[in-house]
Amino acid sequence: QGGALPKLAVKPKYRVCFNQSEMDNPWRLAQTKSMQDEAKRLGWTLIFTNANGSAAKQAADVRSCIAQRVDAIFLTPREEKPLTPVVLEAKRAGIPLFVIDRKVDEKVAKPGQDFVTFIGSDFYQEGQRAAEWLVKETGGKAKIIELQGSTGSSPAIDRQKGFADYIKKYPGIQIVASQTGNFTRDEGRKVMEALIQAHPEATAVYAHNDEMALGAITALETAGRKPGKDITIVSIDGQKSALDAIIAGKLGATVECNPRFGVKAFQTLKDYAAGKKVAARLVNEDRFFDKTNAKQMLASAF
Amino acid sequence: MAVAQRSRTSSWSAVLKPLLGQGALIALLLLVAFAAFRYEGFLSAYNVSSFFRYNSMFMLIAIGMTFVIVTGGIDLSVGSVAAMSSVIAALASPYGLLAGLLAGALAGALVGLINGLVITRLRVEPFVATLGAFLGARGIAQLASRQNAVSVDQNGTFTKLGQGDFLGLPIPVVLTLVMLATGMVLLRYTRFGRYALSIGDNEDAARLMGFNVDSVKLGVYVFSGLLAGLAGVILASQFGAGQPVEGVGWELTAIAGVVVGGTLLTGGRGSLGNSMVGVILLGLIFNVLNFENGKGIISIDVFWQNVIRGVFLLVVVVMQSSRLARDNH
Amino acid sequence: MMVANPKLPVQRPTVLLTQHSALLALLGLILFNILTTPNFLTLNALNINMTQTATILIVAVGMTYVIATGGIDLSVGSIMAISGAIAPLLFISSGLAPTLGIPLAVALPILAAGLCGAFNGLLVTRFHIQPIIATLVLFIAGRGIAQVISGGQLINFPDERFKFLGTSSILGVNIQIFLMLIIVIVAVWVIRSTLFGRYVVAVGGNPEAARLSGVPVVRTKVIVYTISGMLAGLAGLISIAVNNSSDANLVGQNMELDAIAAVAVGGTALSGGKVSLFGTMVGALFIQLLRYTLLVKGVPDSVALMIKAAIIVIAVALQYRRRK
Amino acid sequence: MTEDALLHMSGINKAFGGVPALRGAHLKVMRGAVHALIGQNGAGKSTLLKVLTGAYSRDSGEILFDGQSVDFTSPKQSQLAGIATIYQEVNLVRLQTVAENVLLGHEPRRYGMIDWKAMNAQARDHLNKIGVNIDVTRPLASYSIAVQQMVAIARALALNAKLVVMDEPTSSLDEREVETLFQVINQLSHSGVSVIFVSHRLDELYAACSDITVLRDGQTVYEGALKLTKLQLISTMIGRNVQEVATQGQTGFVRHQHEDEVLLDTRQMRRAPQVQDISLQVRRKEVVGIAGLLGAGRTETVRALFGAEPAHAGEIHFKNRSVRWKTPSEAIADGIAFCGEDRKHDGIIPDWSVRENLTLALLPRLTRAGIVNRAEQQRVVEKFAERLNVRCASYDQPIRELSGGNQQKVLLARWLCMRPDLLILDEPTRGIDVGAKAEIQNLISELAGDGLSVLMISSDLEELIEGCHRVTVLRDGRTVAHLSEKELNEESILSAMAHGSAADPASGEQERVLVNAGGTTSGGLHDGR
Ligand SMILES: Nc1ncnc2c1ncn2[C@@H]1O[C@H](COP(=O)(O)OP(=O)(O)OP(=O)(O)O)[C@@H](O)[C@H]1O
Ligand SMILES: Nc1ncnc2c1ncn2[C@@H]1O[C@H](COP(=O)(O)OP(=O)(O)OP(=O)(O)O)[C@@H](O)[C@H]1O
Ligand SMILES: O[C@@H]1[C@@H](O)[C@H](O)OC[C@H]1O
Ligand SMILES: [Mg+2]
Ligand SMILES: [Mg+2]
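Protein chains in written order, with our numbering: chain A, 195 to 496; chain B, 31 to 359; chain C, 281 to 604; chain D, 726 to 1254.
Think of the hints as simulated: they come from the structure by calculation, not from any bench.
In this text the structure is predicted, and so the values were computed from the model without any measurement.
Just to be clear, a hint being listed does not mean it is correct.
Unchecked claim - Taking lysine-lysine pairs in the BS3-like style, the calculated list, with each CA pair at most 25 Å apart, reads:
id, chain 1, residue 1, chain 2, residue 2
1, A, Lys335, C, Lys577
2, C, Lys577, A, Lys337
3, B, Lys325, A, Lys227
4, A, Lys330, A, Lys485
5, B, Lys325, A, Lys201
6, A, Lys420, C, Lys554
7, B, Lys190, A, Lys464
Turn these sequences into a full structure, and let the hints steer you where they fit.
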């Protein structure tokens, strides 16, 4: 699509949209809170919409923001492809748009060209970092149960792929079972209860997020296993309760996926309005938590 | 239908009858008037057309759902079917607009056919039969898409279906209007429609009157599946992707829309026009909430939004039901 | 005149067989697992399957009552979330002594859940709103209410005292299983032997006939929805106790579908007037074991959905065959 | 003669779950004949007819129709072959308009679309032919059972069938409608159409039918020309000798002396629009009848009394107390029982057993501390089911499997076992065979002797005249006459029903009773306003 990015005037206060995809896990709650807190601090008007897990609804929400002629839109897309058309629509309507956390289809809508920038983590890399730690921790020998995120969501897809690609080189590492736990603690627990029953030989767990890992810990303990001792667990997100579990010696490690976008996102908007050069991709520098640093980092985790 | 038997309409209520049972319409008009007055840009061409572009999917589904409900049945599978059809349409989209359209719609109709067969041949209650399809179609959607959204052909004509205009109207809206008109004619002027109503009213009687009850039911579920399939086609085309995980809860939206419009779930009665009013009303509350947030005055707390939606539904159905009750006494 | 001879034992194969078809399916699934699933015949496997059934079954018992009156309750999941959101307020943030806080944290949420159910019942009876829509109101708003109560935050329980509802055991039997069995037994007895139970079924069988025969239709329905609410409330407490955390956004999600499926597979007609609580129990166990089986067999989600669909439909279809 | 037979059913067997309902039954109907089919409740009449129309499949036997061996597997097929059927329970679609009910399945169409105008016109025509003049664009549910029955008849006639099957078409009709119907049947028969006619009102048969088939216990026990006397018919039907039957008399009523104490007293009771101004009294041990034309508001009156649709105004005194029951349970608690006219809709709980249906209203009294006493329940059931000769395979049988008449007996038993002070009956003996009818009437008399008061709506004038101490006549929702025992005869009731002066003449303006005799002889009775 042709044309330059829409301009944004310098103003003391802006009216901006934040189009959230769903509000059903701690990660999303933290993300929303961070956006709201920053808007409040700056005194801007933040129009918050919640798509309740529907990409189509989220697109409709973006459109209702366009209809209100807001100054800018922050979109944290539920899915890549379905949200791409409205990104282009915002551009046509002359409203600068920022994509955060998950991506849109960058073959169709290009950052720095069709929307201002992408700010977020690299899910594929998260999967790789988890794998890297697990390989090291287990000395290259592990039978893994994988708890996947919500079927079809991009973090689930990328985290699975990143992990799988990394362990290919290690024949001693194999995944014995892989099922979805829908990113939730309850399902993570239930699925683990069943899987550990059928696969008592498992020596490690890879969970696509902390919530499922925490559920798995409960399940393993009920089954008489000792998480952290006879079974190694790694996950992603880096939330406080996960760090607590690391400190308690139950969780091995977690890759940070920081949901606190507020400061960074709003600063980027100001930079953009001021005419500063904004990179097309702003990849978060995420930390890595294990027993060596969990205690120190606890306060700063979300 | 305890009330129906004893209902005897006096001349007084005969005059008021056209107004009764229109709680939803009244609520809709009030809401639109309120929003138009309060929010800038609410009645802008952009907002109106994008509202209908999106809600046309629910309107399509509600047309089919009305038919199903009129027979005393229910179709829980529509959301999954729309997702499944969006994937199939996306997969077929490289072969052109028509291919995508037909593939999606027919896939939906096929699930409808299976629903109908399970209900009429195996005598499984509609609730359970379509609950099966609700799970099964989701499985097919995930299988066909390999659990990931499927891009539609970006260069072809398929995206026009969801994103283009025809005679100044969004194409999804045109399609919806065509299906609505078809549905209205079917319901009022064809045997199929009249039989559908009769079956919902008294299935035994319909059988004894010599109708082929099973084929009418079959037709109704095929129609519902077809429309859900069409909604899936619009979904794929409008958002550029087949979406295996979309459509969650759409069945409840459609059912609620139909009921808010004043149709009884016990069957035998139903109005497509009212169902459209119901669906639009339920969709509008989201739009209005978004605009209200934009006022920045009482920025509605995230979680209160669900409460407000529920209360809104409550108010509308109470309005509607007290009118219906009055109508029946 | 050929008058009935009530002493003659008459074949009434209907009741037994409808229950048998679900039971046969369950037994078949158990056999399949015994033959093919390693470690299936362990106490642990039994424990897992029973505890995972507990919340579904407890909710499904209430659902069976509601369905018996010709209604349906979509709000159970949200009510679970509400009760799950209230409990931690009482034993964590209220500052009450645990001896008081914990019992209150059990009693008050269930009471609140009962109120939610009564509200449903009121909509259905006084406002003549069709059950599916009446309960859709709380299905939507209820989760919002739970979120408002908890501020939407996932609440982790610092102490483990509330865990007793999830993991403690009485005479070696997990408390969930214990509760579940007691509830089923009481529910069966109530339906079979009490006036209220008979009224529940009469209301579903022919509401107008029941009303004209002096059955307090309104009261019966309100009580039934209240019971369904309270049982959902209890299930909500169990659910948060097991996870040692409460997440208003997720507790009880999709519970209505599981519960309704259990009722339907168990042979209770969704049109009301016929009940089989034993069937509901079999149905709930069957659905749980099916899920377990598909999980441990590593069946991918997509295929698992299709298998589940087929099996539920077939199980219900078989009942019809046998009924004919 | 066989070549003249339009229908020949032979050796028909049909069992329900192992219990035989038909055992080698046969039925032969000549062309142009009006053929009576009779038998006690549960003899198998409806089953035989449903086997014929394909609503039920038969276990064995042969059916020849119009010279061909047929095997209809659905009502649709028999309809296409030229058999039009009015089933015992009015089987129409209540929410659709009257016009649709008449013509569904053969609607007039233009360009493939239903032509509503033509449909309404045609339906009006068909109804006019049987003397019914009502608004055909209104939903069927807004009319009483009787009107609905007329609509069902119009529907059957509209089908232009070779054979019209009528399973108790007259059970809800009053005499004038019956008369009109007979005229229509006559015309049909003249034009070569055959009619099968089921009725428990034996007198009717003589007026309408030429041939007769008698069923007993699923077997054909008599067939031939209708030359038997009524007594002979009854004895064939119930399988006892004529003397035995003769001693039973016509109706089973015995009039006991009533007391003077007024039990129920209503003054100017009103519930618009059907109940305008009702004042009536019932004394202890008295049997009071309510008469009125179709739509006079009899049903609405008793329902208002009972609290089913409570009265809006007026006074009701019961046992010298002023009462206003707002729900049936309040009325029941005070000692009232009410057995309604629409058994399917507000009587039976279809899936429940005979036992449970019978004791439904009594349940609270069978309950101690919330728990139902089953032994006591069983005793009550045995006593009353035997008393009323309920015919069923067992008391655990679902009531929907019973014949219509037996269902009615169970419902009566439901109320009789309550031992109420006042029993309200709306068409209590509708669809009940002569033998059972006498038994029921007997029972009513006996209970009245024991102290029960009865308020009884009946379209059967004979029943009113023989059974009641007094008859209150309603018209347009008002009480227009109270006829004492001495004044009770057919003429006085009929004339009060039709001409009785309503207190407020303005009420005549209301478009109410729209059923008229459509130019037939008795039309005068209907334009009393
Ligand atoms: N669907 C059914 N299931 C089981 N038994 C049935 C069913 N229908 C009828 N029967 C039994 O068959 C017998 C004949 O019933 P049917 O209805 O034919 O009697 P009928 O002669 O029409 O009586 P009525 O005069 O009371 O209408 C009865 O004993 C009845 O209980
Ligand atoms: N406007 C009207 N036009 C035609 N019929 C009417 C009208 N209003 C009432 N009716 C008829 O009059 C009847 C009055 O009620 P009700 O049933 O109490 O009469 P009823 O005397 O008990 O007659 P039935 O013998 O049908 O029981 C209604 O059933 C209805 O069919
Ligand atoms: O783990 C997170 C997941 O819970 C959320 O839904 O999406 C972003 C992820 O990083
Ligand atoms: Mg019969
Ligand atoms: Mg009447």
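Tested hints:
1. Lys335(A) x Lys577(C): It holds: about 23 Å lies between the C-alpha atoms, which stays within 25 Å.
2. Lys577(C) x Lys337(A): holds (16 Å)
3. Lys325(B) x Lys227(A): holds (20 Å)
4. Lys330(A) x Lys485(A): Answer holds: Lys330(A) to Lys485(A) is near 14 Å, not above 25 Å.
5. Lys325(B) x Lys201(A): holds (23 Å)
6. Lys420(A) x Lys554(C): violated (48 Å)
7. Lys190(B) x Lys464(A): violated (37 Å)
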